[in-house]
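Novice: Residue numbers (this note's numbering), protein chains in the order written: chain A, 94 to 380; chain B, 94 to 380; chain C, 94 to 380; chain D, 94 to 380; chain E, 94 to 380; chain F, 94 to 380.
Derived from the structure by calculation, the hints contain no laboratory data. Check the hints yourself; a few may be wrong.
Since the list can't tell identical chains apart, any single copy or any two copies may satisfy a pair.
List time: in silico BS3-like cross-link candidates among lysine-lysine, alpha-carbon distance up to 25 Å [as the list claims (entries may be wrong)]:
(1) 103 with 379
(2) 142 with 213
(3) 374 with 173
(4) 302 with 317
(5) 317 with 128
(6) 302 with 314
(7) 347 with 142
(8) 269 with 347
(9) 347 with 213
(10) 128 with 372
(11) 374 with 317
(12) 269 with 213
Number of protein chains: 6
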Amino acid sequence: MAPNNTPEEKYDYEYFNVTFPAEYVAHVEINRPDKLNAFVEVMWLNLSKIFTRLSTSPSVRAIILTGAGDRAFTAGLDVKAASQGLLTQQGGAELDGARKANNLRRHIIEFQDCITAVEKCEKPVVCVYHGVSYGLAVDLGLACDIRVAASDTTFAVKEVDIGIAADVGTLSRLPKLISSNSFVKEICLTARLFSANEALTHGLVSSLKPSKQEAVQEGLKIAKLIAEKSPVAVLGTKHILNYSRDHGVDEGLKYTAVWNSGMLQSRDVGDAVLSGLEKRKPVFSKL
Amino acid sequence: MAPNNTPEEKYDYEYFNVTFPAEYVAHVEINRPDKLNAFVEVMWLNLSKIFTRLSTSPSVRAIILTGAGDRAFTAGLDVKAASQGLLTQQGGAELDGARKANNLRRHIIEFQDCITAVEKCEKPVVCVYHGVSYGLAVDLGLACDIRVAASDTTFAVKEVDIGIAADVGTLSRLPKLISSNSFVKEICLTARLFSANEALTHGLVSSLKPSKQEAVQEGLKIAKLIAEKSPVAVLGTKHILNYSRDHGVDEGLKYTAVWNSGMLQSRDVGDAVLSGLEKRKPVFSKL
Amino acid sequence: MAPNNTPEEKYDYEYFNVTFPAEYVAHVEINRPDKLNAFVEVMWLNLSKIFTRLSTSPSVRAIILTGAGDRAFTAGLDVKAASQGLLTQQGGAELDGARKANNLRRHIIEFQDCITAVEKCEKPVVCVYHGVSYGLAVDLGLACDIRVAASDTTFAVKEVDIGIAADVGTLSRLPKLISSNSFVKEICLTARLFSANEALTHGLVSSLKPSKQEAVQEGLKIAKLIAEKSPVAVLGTKHILNYSRDHGVDEGLKYTAVWNSGMLQSRDVGDAVLSGLEKRKPVFSKL
Amino acid sequence: MAPNNTPEEKYDYEYFNVTFPAEYVAHVEINRPDKLNAFVEVMWLNLSKIFTRLSTSPSVRAIILTGAGDRAFTAGLDVKAASQGLLTQQGGAELDGARKANNLRRHIIEFQDCITAVEKCEKPVVCVYHGVSYGLAVDLGLACDIRVAASDTTFAVKEVDIGIAADVGTLSRLPKLISSNSFVKEICLTARLFSANEALTHGLVSSLKPSKQEAVQEGLKIAKLIAEKSPVAVLGTKHILNYSRDHGVDEGLKYTAVWNSGMLQSRDVGDAVLSGLEKRKPVFSKL
Amino acid sequence: MAPNNTPEEKYDYEYFNVTFPAEYVAHVEINRPDKLNAFVEVMWLNLSKIFTRLSTSPSVRAIILTGAGDRAFTAGLDVKAASQGLLTQQGGAELDGARKANNLRRHIIEFQDCITAVEKCEKPVVCVYHGVSYGLAVDLGLACDIRVAASDTTFAVKEVDIGIAADVGTLSRLPKLISSNSFVKEICLTARLFSANEALTHGLVSSLKPSKQEAVQEGLKIAKLIAEKSPVAVLGTKHILNYSRDHGVDEGLKYTAVWNSGMLQSRDVGDAVLSGLEKRKPVFSKL
Amino acid sequence: MAPNNTPEEKYDYEYFNVTFPAEYVAHVEINRPDKLNAFVEVMWLNLSKIFTRLSTSPSVRAIILTGAGDRAFTAGLDVKAASQGLLTQQGGAELDGARKANNLRRHIIEFQDCITAVEKCEKPVVCVYHGVSYGLAVDLGLACDIRVAASDTTFAVKEVDIGIAADVGTLSRLPKLISSNSFVKEICLTARLFSANEALTHGLVSSLKPSKQEAVQEGLKIAKLIAEKSPVAVLGTKHILNYSRDHGVDEGLKYTAVWNSGMLQSRDVGDAVLSGLEKRKPVFSKL
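Using the sequences and the hints given, assemble the complete structure.
Specialist: As structure tokens, this is what we get:
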């Protein structure tokens, strides 16, 4: 491992492995394979902590997110834990509907914020899907920037099957991130399984690989490529693309101009141009 | 027909057949086949009435919309009626440009509201295209949630051919619902015909079937599948997906949290989990 | 050349050829082929002047934009000129960071406005890509309405390679104009080349032709087709589609109603209907 | 009464008097004085019907809204009826929280739409307050355009006193329509009474008169003055001011330009200028 | 002190006193009087922690915020600490402008989030101004809900005097919260002192009292009054008023309907109505 | 006059005097007093040119705008010229309603852009009203930042009197810039005159002076005060206040953070702090 991305302190979080497979690249692995990587509460809390740290770590410029084991990226919420949690979150039976509603709202927002921590992470995140990728798998991948998949991946937006309108991101992000609203509505309203090929066709993932191993390699390759670029340019590009997704073009342009008024005062431009003339890879200083 | 979706009163509206082919499923058929199902004013008024009723009918959880006859879903506006209507709507020749403009605005908004009644219908609507599907056919399908087509379907956004910028929904919804703005601009600016295959490629429809009959069966299959799910979850999913289409992700997430603060207090969650454990289909109470 | 689109005065702008190959059709050619049509500052200033004039010229109803020579639509910014410009734009070394930021913001907005002049041009613009199409090539094409490409086109969003988050339109428009956010993020964050086929798959272009010549013919064909339609309807269709891209559906519908309250008072509707009955092409008066 | 504003058919709605005290002026009086004009459901349904009719009546150019009797404009919701209604609206005790929530949402939106009918009425509405003006009195007045008050008026935003966050308009409109957010929060969170003088100071009303009679005369005077102006200009002014309240300045300007592109083609401009030269009141044709 | 608002654990935060002067009322006092309550970094971090805890404490329904000592609510940032902080936040001299910009952005957002914690606190906050109230005093008060002042208060938006555009809330909130944009611009662009009377006239505060002591009593009186109301209704009222400040009326109404669909299922409505009939104060259960 | 604000070239524009009465202060005087400073087209074109130049002139940090002569700031549009202009702008009688609408829209936007040039001017503008201040006087003042008035000023929003909904800014800006929507609606719908005192009460102006001369002195005093402050801070403060007027608080905060990430890298902060310690006025370098 290159000194450049030896983190100052160990990343030690239950149900996650965090490693540094290449210079400036972090690898976050969901690690509860005996339960198909299904999520219990501590997991989304840890996920949020990990990505919040990586966001400002100068040793990290790109991240991949994968699931441990052969069978699943994640099967989604641990249903048993979730249905108990739903009751707990509402509070006791003595509460009226309004008080239950308020408790639920607080908990949903807390849960959403954990997933959104991945989107807010300043560094790009490449999600690598394989195997069972249901429910929260989709929420989580949509909060990442780039999605690739093994061809054995099966996806589903499962929530209507358990009586819930998905609320940690799928319904908010899907209509913005992939093509064909007709397809979006179909998979969300029927909860049917869909294949890696369908995911590719409709743009949920941008490439397929024959196996999990190759998909992870592809994810790593993309992350390494990003990590070689100017960290100032990469951070700005992620930030502005997310801003533009949610604003009109005029707003996007003005915001970009203000953003770049500070960000163009970067040595990276000179470093990049010079190394281009000298036919070598540029070396950018830490962010 | 199951007692569960025998509507309380008959749906008796000129130019439309409304039937109930399966439990909780309604079938609305545009019925003016001798004129290629072209629309005259009474038709969009009736369309609005039908979908407004279905929206809150406890006997209905999913709807399919089709066109009668072999030749056309609909050829769009009845041009002869429409060009007369345009004159009528402006008012007499003695009016000045401003007064004509005000009359036209009132009429356009009234017309738009009729088509938007399909979008506002709380229950998902599956549109099944076949044959000639021009002009209003596209406006109408875009107000539905899921679109499937027979492979003989030919589409066109015809309005520039008659000197009009389409104003009952196509121009507002197309840039949000399908991929490739370049394709959207091309079909809207040239009024050229495009095929079912192009519609599939660009995500206007999410599946093709070889014949009208098979397309209708597919639409019915999807509607039945939706009708088996928790009606609370389905209604919320449609509602939030439409909200998210028009808002940024942060707004979407907050709205979802508020929505679900009430909607998670549903017996459907328990019913779904229990039936899952018991390996049987859940039965959800009426909405 | 038909008298109808002989412009009143010559279009004489350095690095651009402007011709009128068909009735109501203008052809703007970027003309610096020895430098792969790379842009220096005078070029975007001229581009803006040309499209601002074409916008209100009654002799023009559709425009195609191409690059001279066999090798490139445009290789993007002239890097040498650009890196000098960046220094100039910041102002001298005696300035503090804030004053440099203010200078940069002014210059970025001025540059953006030049590219946006293509989007604001009232008449539709068809962009024909071929060969090297990097950086500004993408910004520029996205400000056009319809994009077609020769199959030899190679695209790249190059900015992260020179330490910059793209700021003249790509990051603001891409998330709105093409499908698959995963693909958008990948090409913007890695700066990798992508092929004409990928551009087609993801909807950046709506058709491919085997050669530059055929692609230009296709662009011309589309422009001619548009130029035959009602200019009132075409102008409104472009305007409303752009508005709708940036607003929710409700806003889009209301705006359309107000727009059409004036625009339906057009003789084009009658002209179109009459010529339809008489089985001949309609002739529309100038706009 | 001038022939110009004899309505075609009588306005006959329970709990309301509708008269036409001057040319082009309508007077809507809430008429349940023995109950302090407190609202039961039929009243807001009728209110909506009345204003929807007045909106497009060519005999009406301005409207005043008052309450019958000496004691109250309106005491707000009829609490007894409202608390029964709240139970009814939720549906029976056998319903779960989600189903109750859905029923409540439908009913709130229906109720809101009735009040918003006053805002959507194309013609300006002058609200004249006197005496007890609680709860719905504020919701209703805020949906009007101009508010005047008798000096004996006492206002209150009462909802927190009965366990409810006000939901038919006060909380949505107050932060936009009057000054001092601190005052807005105070009256809404404490439900305290506030005087006509406070209402004047904070801009809720724009003038005070010593008695109900004089306040009604003032309202009528304003309505008559408006009714003498160009109906095209008045309708546009109300419409654009409401639009601008909810949009940024850039959006407001563009919308105004599109609106006026149709609306300046009015004979009223010539009529107004000519009558100005001839030193007489202009006579504008009906809208 | 009533058992109802004995907090579970002590609130022990440097530079702040937190007490519970009445049932369900918390009192937060800024406590660095020897430095005119000027803020150093630990103070805004503590402020955020305090209000985040109070937000969900069932023992608290309303809060007052005051400054210790006779001379100042707060003189704003501790300038010495702040100018050192500014250098620290940028990072070392070896950083380029872009890296400094990124560091500054992270720090500003962190600082803003601390102040916004007061706005996000679910319970209403009454700010009581006295004496010197400069810079951060205004930012902070604007994040509260209701503002009252002693008549000796002097205000200033000081930032242009130290070369900064205010960035922790004043510039974002002032144009929305008080009347007269001309006054807002004047005080922000000139940094001139303005009096308690001007603050009252322009709605920055909603009442004045002759002394600090009386102003605190007034603040406490308002907080007690709020604490007696239904906590469900109060929380909803604050939440929706803040939402409405930032959204158009249509959006506000729809959001309110969804919010209340859960929140009207409250026992508080029945409790309030019943106690009204029984002429006694209602007792509401904890939130 | 100090060398610091001797402009490089003379400002020589018909109907305007541009002088430099104090260091870094420009004075723009509308100069057509024999016609009550009524505007003809060349005037708004010149106005735009002047403010666009002042916007980036390093010799200017604040501007006052006044009207020549004793009788009027401006009586608004020159009605005779305007009514001829309206006809010209529509184009000849042979045009249909749609073509006229398009011509009108182009002209309105061009006119609006000229007035908005004052708002877009990077430097603050103080408007000094006196005497007749009708129609365009209000549009123009609202595009300025601070408004003061002589007590003899009479205002009117005159447009409904000539059959027009005001379209160069009053209707878009008034609902955002002053308190009391009821007052806004009243003056816009009735076109009645209102006094300087009413303008003060409702926040249209922030101070009154007994005579034109004293009002101009007050405007000059404010402008000088602003011109002494950090030009980086002043420019940012104007820019962000305008942004915040049109966006929600969350958006405003994020934008401010990005803006200040560049703008806090300013020597002005150090210059201001140092001069504070040394008890002297800071001298800031040019922008």
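Novice: Please go over all the hints and tell whether each is borne out by the structure.
Specialist: Now the hints, each set against the structure:
1. 103 with 379: Close inside one copy (20 Å), not across copies (43 Å); limit 25 Å.
2. 142 with 213: both (12 Å within a copy, 22 Å between copies)
3. 374 with 173: between (51 Å within a copy, 18 Å between copies)
4. 302 with 317: within (18 Å within a copy, 34 Å between copies)
5. 317 with 128: neither (30 Å within a copy, 32 Å between copies)
6. 302 with 314: Intra 13 Å, inter 32 Å, cutoff 25 Å: intra-copy only.
7. 347 with 142: Classified as between; 21 Å across copies, 32 Å inside a copy.
8. 269 with 347: both (21 Å within a copy, 16 Å between copies)
9. 347 with 213: Both, since 21 Å and 13 Å are each at most 25 Å.
10. 128 with 372: between (50 Å within a copy, 20 Å between copies)
11. 374 with 317: Within. Shortest intra-copy distance 13 Å satisfies the 25 Å Cα cut-off; inter-copy 47 Å does not.
12. 269 with 213: both (17 Å within a copy, 20 Å between copies)
Of the hints listed earlier, the one the structure fails to meet is number 5.
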